[in-house]
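Start from the sequences, fold in the hints, and give me the full structure.
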Amino acid sequence: MELEQLTSPAAFRSLQRRIVAEHDWHVPRIVIPAGTCGQASGANDLIRVTKREMIARGLVGKVQLRVTGCHGYCELEPSVLVVPSGTFYPRVDMANMARIVDAVANDEVLEDLLYVDEATGRRIRRQADIPFFRHQTRPLMSRNERADPIRLIHYIREGGYAALATVLERGDAAWVIDEVKTSGLRGRGGAGFPTGLKWEMLASQNSGRPRFLVCNADEGDPGAYMDRSLLEGNPHSILEGMVIGAFATGAREGVIYVRAEYPLAIKHLLIAMRRARSTGLLGEDILGTGFSFDIELVKGAGAFVCGEETALVRSIDGRVGEPRQRPPYPVERGIEGMPTIINNVETWANIPHIIDQGGVAFSALGTPASSGTKIFSLVGQVRNTGLVEVPMGVSIAHIVNDIGGGPVASAPIKAVQTGGPSGGCIPASKFDLPVEFESLKQAGSIMGSGGMIVMDTNTCMVDVARYFMAFLKDESCGKCFTCRKGTQRLYELLDDIVSGRGTPAHIPLLTELAEAVRETSMCGLGRSAPNPVLSTIEYFAEEYRRHIEDKRCDAFVCQQLVGAPCATACPVGTEAWRYVAHIQRGELAEAYHVIREANPFPSVCARVCHHPCEVRCRAGLAGGDPVAIRALKRFVTDGSDPASFVPRRQPLNDRPPVAIVGSGPAGLTAAHFLSLKGHRVTIIEKEREPGGMLYSAIPPYRLPREVIRREVDALLDENITLRCNTALGRDVTIDSLLDEGFGAIFVAIGAHESLRLGLDGEDVEGVIPSIQFLKSFNLAGEPLARGRVGVIGGGNSAVDAARVALRQPDVESVTILYRRTRAEMPAFADEIDAAIEEGVTLETLVTPQSIRAQWGRLAGLEFLRNRLGDRDASGRRRPVPIQGSEEVLALDTLVVAISEGSDTDCLAVVGANRIDVDDRARTVRVDPVTLRTNRPQVFAGGDVTTGPATVIDAIAAGKRAATMIDLYLAGAELEVPGEALLPRHYVEPVALDDASAVRLSPRRVPSSVRRESFQEVEMAFTTEQARAEAARCLRCDLEFIGGGDDEATLASVGVTADQAPSGAVPAGGAAPGGFTVGPGDEGSHGDGAKPPGGAS
Amino acid sequence: MIDLRLNGLPVQVEEGSTLLEAAGMYGIPIPTLCHMDGLSPYGACRLCVVEVGADGRSELVSACTYPAQDGLLVRTASRRVLRARRMVLELLLASCPQSKAIQDLAAAHDVRRQRFHQEHEDCILCGLCVRMCAEQMTGHAIGFQGRGEHRSIGTPYDARSAECKLCGGCIYVCPACSLRCTYTDPERAVCGGCANLAPPCLDKSQFHDMMCTMDPCVACEIG
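For the protein sequence lines, the chains are A and B, in the order given.
If you read the first sequence in the numbering used here, its first letter stands for residue 1, the second for the next number, and so on.
If you read the second sequence in the numbering used here, its first letter stands for residue 1097, the second for the next number, and so on.
By construction, these hints were calculated from the structure, which means they are not laboratory data.
Where is the CB? At the ideal position from N, CA and C, for every residue including glycine.
A portion of the hints provided could be inaccurate.
Okay, the calculated bits of chain B under chain A, using three or more residues with CB under 8 Å as the criterion [stated by the list, open to error]:
1) 1160-1171
2) 1179-1186
3) 1228-1238
4) 1257-1269
So the derived list for chain B, only partly shown, Cβ under 10 Å to chain A, looks like this [stated by the list, open to error]:
5) Leu1100
6) Ala1190
7) Cys1222
Shown next, in the form of structure tokens:
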């Protein structure tokens, strides 16, 4: 339909009626969003194929194609929406387009191409039912779906320009301003100034001087593109808003200031302006009413600061975009010194809605202080990314979790950055915060134009702050000194911290400088620039402290603190890269030394360690598989004799001896390292032989008994006295030990008490606490389980109990009951896999209700089914019991494995000598750094302080305790300066010829055999396998040491070639001196003096 | 006339005055590096910040650019102002430690150390030279280039500007760091004004056509 120049509002009305009447709403239409995001993901190809297929099938007229702007779900583009049915096909492949055309023509649905909801696994047909869309309210964005942005006729059909007609029919400028004021609309550009008020100020300027309207489309925040989607997808709504604004304020000229990096937006705007002019909706004599207003498009050259209104005005004037002091505000002196108002794209796009529905109706959405909807660009580590429109006042949690679908990977979400570079980071604990201007400001952030960057725990907040400062120091105009130099200095200070040069003085200086920049800068850019720094310091102080004091980046981002991630991830600092390199070179003796130096239990850890090194292995990032470090360690330790490592010892000193209570991994490690430092140590052990939780909790099919024995025996030396069958609280007490003359005591009694469910009937026969169950079997060989066995819990002790039960003779079946889903089970994933493989049944999402007993014996367990509710503070979805879903599981044995605590009663001393314990968690309270309890001579570590944790954590605690007790006995301060664990040894890489990308797994005993036996399940690598797997290592260490054989360079950074010819370290028992040591850390090897973090 | 309060003192100033002018008229000193009578106010150095408004809703603004308004409460030396000013001076000291003007101001404000990485820059980008050139000399020979940390002062395309009259005004107004003449490398000189008629430069034949009447700068005297 050719549109003619319209000469009156009435002519427009009749045209609109005609367009609506002539439109056939029932013809199926294929809608393809082709904004910049859509085109980038291939929408143009889809459009081409669709046209071709429609012509080839003779469907022209029967099916129509509509090309639109972005619909918001950018992540799933190129997508296809079918109207009027509302069917949505995400990420459409060109090859499938022909099928879709056919299906649309025949009114069918292609099930296999529909959206799959990841939470339920179900396919969802209609766009409106998809969680991403379902939780939104989209008055602005939904218009993008209904109109082709370059067709004025579409916009008019959808009700466009009716608001303008209404305004012109009424002819009352004051009424328009009143409506906008009533609506409560506030500027969407960030500051939130009431739009109606701004207009009124312009309208009341002395008449005579020309007035200007500006649409600020200089959208520059990283990761934010909501304005672009409106400019591209619905340019007429912005034009209509501006014409209405001009009528209300008496402006005759307008400017759209759009950044030159938005070519599609510029093209659509220019087309829209041309069409609007030729139809009498813009320009001279609009709709024949005598009212004239025209718009000019000015392209910004890409300076971020030009989004600031005074800089923008200068830029429009043709000068360098620099802000100036306000007042005078642009409403008094703007473009060419004339009164000017500047509103954001989204503000203008809201105007027609306000006129259409009335200000009162508009203000019904949102909150009283912030009305209407707001579009956010939701990006980062969230499952659904795209543009999200919600009423003001919804919580961040709603946007991130319900619309965004929660974290994209397994790492929980820790913060959201709002408001672009000038905004702040809001921590997950504050996600209940309503999204509106005031609440965000109070929380130290800003609404800004609506960017929302979601970050998970793999994001380092110090690095984030540094990133934004890097952006701002480049984008500050540089006019005012504190903004230019302040952002530069803030960046430098943050760079110091992420590079390991941070000192405790950095934080107060950062805060002081940030305050000064905020106070003294001229414009909004400088005044908000410190927000990223101040908000991260406020909410993530612990991360800053870790960087500065401990020299650790827990997100593994800051390279100068991380070094080789495998080594830093290891609680005892084992340099995995180093022994892996030796394995590749075939130097097993050297490899064993590297392992044993850091860890006194290498064979144990080679079997049961939860290998945090593999979690952080760079080969495992970006979709690959990490190097099988634990299996490689097993390969080395299986072929090595513990006696081959002779640690460096200090001569026996005459300080008072140390008592260690408990001979588990924590106690034995502490004893070993204290002995190496020349202390005499006595170990008090309740059981018959040392080993602690290694024996009692870990079943032999994972950790054969002789492996424990061999390793423990190698640690016991002449400085260590062992007192078995002696229990704290029964045979000795803390005070009796001190009376005996011990100078310090290390309590490492583990966590041997299963926590109770708290249900009636928990004491009937057949209900067994997991520790009792495992101990009876592991220590005494008594199989307590029979018949149908249930295990409650999702941790490792639950899985261990289940697998042990399965191997007992009288057991028919084993079921694990867990309240959340499998993905959330704390047990190691490969253990769960192995259990299921062996025949254990997994029942997830259940809550035990009551224990059914018959004749005083367990008969069954009644439980409720759960569904997943809201997310809790940990970011996991809370299990919510479904009332009325009771079921009963008939059981003969029930093992309760929900968690473990310590027998803290044995420490109970009344009065002043009491040791502080946490009665609820049943743990001993200690200082996390010094491991000291409230009594200065008493230290504690391992499970007794943390609750059930891992072997390697216990070893790390033992190592730390040894360091601290040594310092304590020497009368020194209990302090160890933090130090980044950077690679310092050079192992020459082997030339790679056939390195494979595929991770190798050691062989396992078949599950059929496993069920019957307690034989060790996992076998070791063969030599060929081990060398091939080792060759997959990416050698992150070389980034720090540099390749080549330039010895001078290496020496200058304190590096020693770690490639002694194999003869230098005889396999049978190397002299410690034969092992090469870096010049910088001579003497620190083998003495174990350093805490886990500090071992070089 | 406009009535306002300066440090509690009720004062009257002419319409259109800035706070800096108002304070100057009543003898209240406000330090500044980028302001000069006869040149338009710019607000670059941020040293002249003062606190305007009542408690709770007050803010810091640069006195040189802020217009005096009826009923405005202005404090030129509140604790907040001095704290901010000291940080500005510390930043200046960290960048241009060799400037006598900055050293004196820092000493006057009891700023005795700076805690940042020491730099040795010779320009604080106050823009006096640019304004001098444009507003008093109608030269428009020099201007700002780049933004953020890359901002600097120079001529278009860094070539000798045909607009430059070699008047030396830019060097004359330089407040802090004494813009150096670069007479030994005239192609790169901003204005070459130091090649003036005073004895040390007279011998240098390549500057015979220059018209500057300034005193020689230190570099010339040494050279």
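Structure-based check of all given hints:
1. 1160-1171: holds (count 4)
2. 1179-1186: holds (count 4)
3. 1228-1238: violated (count 0)
4. 1257-1269: violated (count 0)
5. Leu1100: Cβ of B/Leu1100 sits 14 Å from chain A, so the hint is violated.
6. Ala1190: 7 Å, holds
7. Cys1222: Hint holds; B/Cys1222 Cβ to chain A Cβ min 8 Å, cut 10 Å.
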